[in-house]
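Trainee: So the chains spell out like this:
Protein chains: 4
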Amino acid sequence: MVIVMAPGATDAQIDAVITRVTTAGGEAFVSRGDTRTIVGLVGDVDKFHGLNLRTLPGVAEVVRISTPFKLVSRQHHPDMSTVYVGETRVPIGPDTFTLIAGPCAVETPEQTLEAAQMALAAGATLLRGGAFKPRSSPYAFQGLGERGLQILADVRAETGLPVVTEVVDVADVELVASYADMLQIGTRNAQNFTLLQAVGDIGKPVMLKRGMSSTIEEWLMAAEYIAQRGNLDIVLCERGIRTFEKATRNTLDIAAVPVAHDLSHLPIVVDPSHSGGRRDLVVPLSRAAIAVGADGIIVDVHPHPESALCDGPQALVDSDLRALATAVRQLAPLSDRRPAAPLGR
Amino acid sequence: MVIVMAPGATDAQIDAVITRVTTAGGEAFVSRGDTRTIVGLVGDVDKFHGLNLRTLPGVAEVVRISTPFKLVSRQHHPDMSTVYVGETRVPIGPDTFTLIAGPCAVETPEQTLEAAQMALAAGATLLRGGAFKPRSSPYAFQGLGERGLQILADVRAETGLPVVTEVVDVADVELVASYADMLQIGTRNAQNFTLLQAVGDIGKPVMLKRGMSSTIEEWLMAAEYIAQRGNLDIVLCERGIRTFEKATRNTLDIAAVPVAHDLSHLPIVVDPSHSGGRRDLVVPLSRAAIAVGADGIIVDVHPHPESALCDGPQALVDSDLRALATAVRQLAPLSDRRPAAPLGR
Amino acid sequence: MVIVMAPGATDAQIDAVITRVTTAGGEAFVSRGDTRTIVGLVGDVDKFHGLNLRTLPGVAEVVRISTPFKLVSRQHHPDMSTVYVGETRVPIGPDTFTLIAGPCAVETPEQTLEAAQMALAAGATLLRGGAFKPRSSPYAFQGLGERGLQILADVRAETGLPVVTEVVDVADVELVASYADMLQIGTRNAQNFTLLQAVGDIGKPVMLKRGMSSTIEEWLMAAEYIAQRGNLDIVLCERGIRTFEKATRNTLDIAAVPVAHDLSHLPIVVDPSHSGGRRDLVVPLSRAAIAVGADGIIVDVHPHPESALCDGPQALVDSDLRALATAVRQLAPLSDRRPAAPLGR
Amino acid sequence: MVIVMAPGATDAQIDAVITRVTTAGGEAFVSRGDTRTIVGLVGDVDKFHGLNLRTLPGVAEVVRISTPFKLVSRQHHPDMSTVYVGETRVPIGPDTFTLIAGPCAVETPEQTLEAAQMALAAGATLLRGGAFKPRSSPYAFQGLGERGLQILADVRAETGLPVVTEVVDVADVELVASYADMLQIGTRNAQNFTLLQAVGDIGKPVMLKRGMSSTIEEWLMAAEYIAQRGNLDIVLCERGIRTFEKATRNTLDIAAVPVAHDLSHLPIVVDPSHSGGRRDLVVPLSRAAIAVGADGIIVDVHPHPESALCDGPQALVDSDLRALATAVRQLAPLSDRRPAAPLGR
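Taken in order, these protein sequences are the chains called V, G, L and D.
Counting from 1, one number per residue, gives the positions in the first sequence under my numbering.
Counting from 346, one number per residue, gives the positions in the second sequence under my numbering.
Counting from 691, one number per residue, gives the positions in the third sequence under my numbering.
Counting from 1036, one number per residue, gives the positions in the fourth sequence under my numbering.
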């Protein structure tokens, strides 16, 4: 941590900073320049944060140097992690490329099964599907709730695909975890810290979507909330951020993949469906995601997009899925990855 | 709602749109241009949303015309609402200007009482203070929880100031409501829909902060979630949005005040402390808020900012509070408002 | 300047940094922490920038401490500047509030004169009007060019109002300066550095609009380009930045006024017309601008907005202008300012 | 174009809209809903824009339907264009993948030649290099000017690589065009319309960088300015947009490639160096660009990044270039592209 003093800071003000730091057990190194003095701090950064140095007279700025996350940081954990999902242990990690597919929302047993079969045919090894749907409007379809979870479990029994599904309320975490193989935290709950702690406690793998206005650092701090409860089975999911551009629903931050890989040992997948919000962009963005080094993608599929209750305009249909399967087959090996297959129990 | 057909849309595709609309009980008016055809829909817009018209072949775009919120809209409720807080019924509404002040976080009984007395002296009629603090880092101070609520209640008994405090978890709503006079929904929970519904159910006044990346429309949709549960005692709070500018913590969207007043009958207050994140900006931004027509402001005060456990750098001290009191006294009348006073039971 | 070494940086890498700095005549202070080492530099910062320290092995980050602008900085020039415009020396500065008004685009002599008379009646002491109009579409009205300048000069002769008008091309700077009293640099040219240098050379007062995606620091650097050519008669103009919010054309960054006043001695005015893009927002935003401490505002007026060739929807009409005049009269004195009047030659 | 009337619009107001439209030779189709009436316009859209319909009483909104660009639109030009650069006619278009590489700034003949040889070895067929450098600070290195152009021409003679270089001032367009094979418009000049017109007039191929806060539509409108002068040899360059994320210099909008390809027949290349601003991101982002379907990339290389006068931290060195060459060789064929080779005169 570095303390930058204001141009006119007095010696007494500089001394006050030093005293407060050393009293707390830290060391302070002073560099006096012509117009400004800076003080470098060495010691326990977390303790320094509690010192409120920025409010001391004469202090212009406090510059943090070290990253604020620990358990999810790559600094003390240089090897990339692999997260295994479901009884069949489908891997998401550095050696594989995992295709996760399914309907945005579970509507009926038939629609869900059909979507799962489409997903399977395209090479997916995990099934996504929403039973609890957070919607901007209270008048929009909010999901089938527990009945949707039951349908997902039935389709898993039929197809063998482990299930990823969203949880939106702390009160539902146990219920959702009793059906699902992986819990998803959506973009609107990216900083719902009590929910993050609850999925940390439950111990199942978690897919953590980036908040639509979260920096990469804040996203990793959200992961740290989960990790701190003893659950390190976390997969990050880049799903686009909010910008001024209107041609797409969100702006896919493709650079977030290598940046997060550099900062954290957690796997990261990309959601090309919700970032673009347009069916014609899903395959190109998926190709970009594979090539940039993502550990997987998660896409919407629907047997009849024109009657979908949620996000029909972005759902893939059969021909798209064939293009997607080809992309995975051709591009993943060039990133030194094999398509992810269940390892079995 | 207007359906814009793609340039090469066929007559059959246009007919398919018309059929789907009329089957659902709507009317469709067709305007055929040289390069494009547009179809204007008349009827029940909510029903049209369920038709998935955007996924039909030949459809390029679906343009929504009417606003998606109803209960909080000014369209059928042209008079501005007043929300009354606490047993003494402190108003927030079109005729008054309400100063809400207090510590960012409740730390000790002494600090909270001292802050409340500073607030009172400056003319505040509501006390803010956080017992549950959502923090980006799991390693930061998270608030005192119920003990903080008790302190707030004690200070209310001592000073007479009704209490505004944040709730972050559905499971805590009843607890917080049993102590507080007004529940605050923070920016990170602006789209935590189950929490919005829960505070809607509990029936106490709610202060709804804008999400840091919420559009004004999304913010009003969040209010609609509360209203739909029968609770219309909602006060909007503009607290800055996230942009590329780094000199301030967030960018205060001052235009949101007249824009929201135009769209909704709900009162709106401004938070100059969290938007700027700098003590020297609080008074200027408060002045702007009064002059632009806000119904109140909510500010951080702390008797000893240099030892504050949360957001010390933005807390006002005594001299700032005098400047703030002067601003309210001078500027509010020029916006045809009187300082808000308790009406008594 | 502070050099942050990467966690695993070797002593040799740290020494290489020190050597490069001391060879260039600087001093380097080393703070060795448990996980990282930081090196504080003292000396000529501009020289350090040329050293490319960020590319040296083992360097994680280079943190700049001092501000990169000098001539426009308040650091060595604590008193606020006043810029005087026109033969009658209309002031823009700390003691006055200056109302600048006129048509977005000059269309005809009659329209311009009528707009100027509306402006005068509202208390304006400077006339704005565009002869060269940068438009997003090449098919939109681009202004009357020199004929528009002539009209402005004629209206100045008739009304006595000095003229502010935009210049968009280096080749036109002399021409525009021969007619105008103040040259405006528009938001799209905020980083057109050759144009900035050219208006610096010509020596007339300049109104520098903020780029729609410029940070406040970049804006002040743009001003530095003008200042470096010996022209310090610069007025900053905040006109809104680009964000995700769609209800307004741009988001007025009202905090930019006190932030820029803190960093720079240059006056700053606010453009409530182009930031909001809506007539109904102009008066509220103007009120906010006066109350926050701006040195003036610049607004669009048009005698017949419904036939305006440019930005009619945001032009003020007579009744708005009366409300604006009232706002200036009532609010400016509360910011210790008097309405700006010509000082005479 | 669709006119949305306000909820309470009167019949007289609706009639006034219709009259204005039909007087101008258009047709108006009226759809009367329960709460709102909409009017669909058919006819010459450009003429409608001049009617100022948004300022008429009772009009709530004017929704544009057709795209505002024509010459660069794919609507009447469904086949993708190929732009040929230099005497040897290096193609940038739908069948090829073009690698453009070179130093950010031309510093010396040796450095430029060495960089060009690195570029050649990696498979580049066009040389980039800046002689006029727009820099945020007036105190930063601004480029060698004409001497830099001469060096680029000498290196072209030596290596056979056609030259792409930036022009920042209308006054320099002829000079730069006399040396260069392709003129680059930088991000800060993306809406410098007189410069766009000047490079349109000169008739040489143009690389048009996206403005850092330009929407895709505005970027295509900027291209329309060039095209309108008779020059359709335009290559779009996506170089990242400005967002709140701080880990990268800009946020590469990878979806802009398929979106722009959908809207326009112009080729589009990606700049992974300036978007990320970090050397370690250049190869991953290049891989994403190839896979998403870009027509080429433009990257910074430098023989000695640690002494570069501009943007050293993002310049590729030899080992990166080998990885980049591998990526082009492996990935481009999977997008049905061959590496671009000169066609000869």
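Since the hints were made in silico from the structure, they are not lab data.
Accuracy of the hints is not assured; some may be wrong.
Distance ranges between label pairs, derived from CB positions [to be verified]: (1) Arg1364(D) with Gly740(L): 57 to 65 Å; (2) Thr712(L) with Ser1213(D): 28 to 36 Å; (3) Ala405(G) with Leu1369(D): 26 to 34 Å.
List of simulated lysine-lysine pairs, DSBU-like, C-alpha gap at most 30 Å [as the list claims (entries may be wrong)]: (4) Lys1105(D) with Lys1082(D); (5) Lys415(G) with Lys591(G); (6) Lys392(G) with Lys936(L); (7) Lys47(V) with Lys549(G); (8) Lys737(L) with Lys1082(D); (9) Lys246(V) with Lys1281(D); (10) Lys47(V) with Lys70(V); (11) Lys70(V) with Lys204(V); (12) Lys894(L) with Lys549(G); (13) Lys1239(D) with Lys70(V); (14) Lys936(L) with Lys591(G); (15) Lys1105(D) with Lys47(V); (16) Lys936(L) with Lys1239(D); (17) Lys1281(D) with Lys47(V); (18) Lys246(V) with Lys392(G); (19) Lys936(L) with Lys760(L); (20) Lys1082(D) with Lys936(L); (21) Lys47(V) with Lys591(G); (22) Lys392(G) with Lys415(G); (23) Lys760(L) with Lys737(L); (24) Lys70(V) with Lys415(G); (25) Lys549(G) with Lys246(V); (26) Lys70(V) with Lys1082(D); (27) Lys936(L) with Lys246(V); (28) Lys737(L) with Lys591(G); (29) Lys1105(D) with Lys737(L); (30) Lys1105(D) with Lys591(G); (31) Lys415(G) with Lys936(L); (32) Lys1239(D) with Lys1105(D); (33) Lys760(L) with Lys1239(D).
Quick reminder that beta carbons are idealized off the backbone N, C-alpha and C, glycines included.
Trainee: If a hint holds in the structure, say so; if it does not, say that too.
Mentor: Structure-based check of all given hints:
| no. | hint | verdict |
| --- | --- | --- |
| 1 | Arg1364(D) with Gly740(L): 57 to 65 Å | violated (37 Å) |
| 2 | Thr712(L) with Ser1213(D): 28 to 36 Å | violated (45 Å) |
| 3 | Ala405(G) with Leu1369(D): 26 to 34 Å | holds (30 Å) |
| 4 | Lys1105(D) with Lys1082(D) | holds (15 Å) |
| 5 | Lys415(G) with Lys591(G) | violated (36 Å) |
| 6 | Lys392(G) with Lys936(L) | holds (25 Å) |
| 7 | Lys47(V) with Lys549(G) | violated (39 Å) |
| 8 | Lys737(L) with Lys1082(D) | violated (56 Å) |
| 9 | Lys246(V) with Lys1281(D) | holds (21 Å) |
| 10 | Lys47(V) with Lys70(V) | holds (15 Å) |
| 11 | Lys70(V) with Lys204(V) | holds (21 Å) |
| 12 | Lys894(L) with Lys549(G) | violated (60 Å) |
| 13 | Lys1239(D) with Lys70(V) | violated (54 Å) |
| 14 | Lys936(L) with Lys591(G) | holds (21 Å) |
| 15 | Lys1105(D) with Lys47(V) | violated (61 Å) |
| 16 | Lys936(L) with Lys1239(D) | violated (38 Å) |
| 17 | Lys1281(D) with Lys47(V) | holds (25 Å) |
| 18 | Lys246(V) with Lys392(G) | holds (26 Å) |
| 19 | Lys936(L) with Lys760(L) | violated (36 Å) |
| 20 | Lys1082(D) with Lys936(L) | holds (26 Å) |
| 21 | Lys47(V) with Lys591(G) | holds (26 Å) |
| 22 | Lys392(G) with Lys415(G) | holds (15 Å) |
| 23 | Lys760(L) with Lys737(L) | holds (15 Å) |
| 24 | Lys70(V) with Lys415(G) | violated (46 Å) |
| 25 | Lys549(G) with Lys246(V) | violated (38 Å) |
| 26 | Lys70(V) with Lys1082(D) | violated (61 Å) |
| 27 | Lys936(L) with Lys246(V) | holds (10 Å) |
| 28 | Lys737(L) with Lys591(G) | holds (25 Å) |
| 29 | Lys1105(D) with Lys737(L) | violated (49 Å) |
| 30 | Lys1105(D) with Lys591(G) | violated (38 Å) |
| 31 | Lys415(G) with Lys936(L) | holds (20 Å) |
| 32 | Lys1239(D) with Lys1105(D) | holds (21 Å) |
| 33 | Lys760(L) with Lys1239(D) | violated (40 Å) |
Going through the hint list in order, the structure does not satisfy hints 1, 2, 5, 7, 8, 12, 13, 15, 16, 19, 24, 25, 26, 29, 30, 33.
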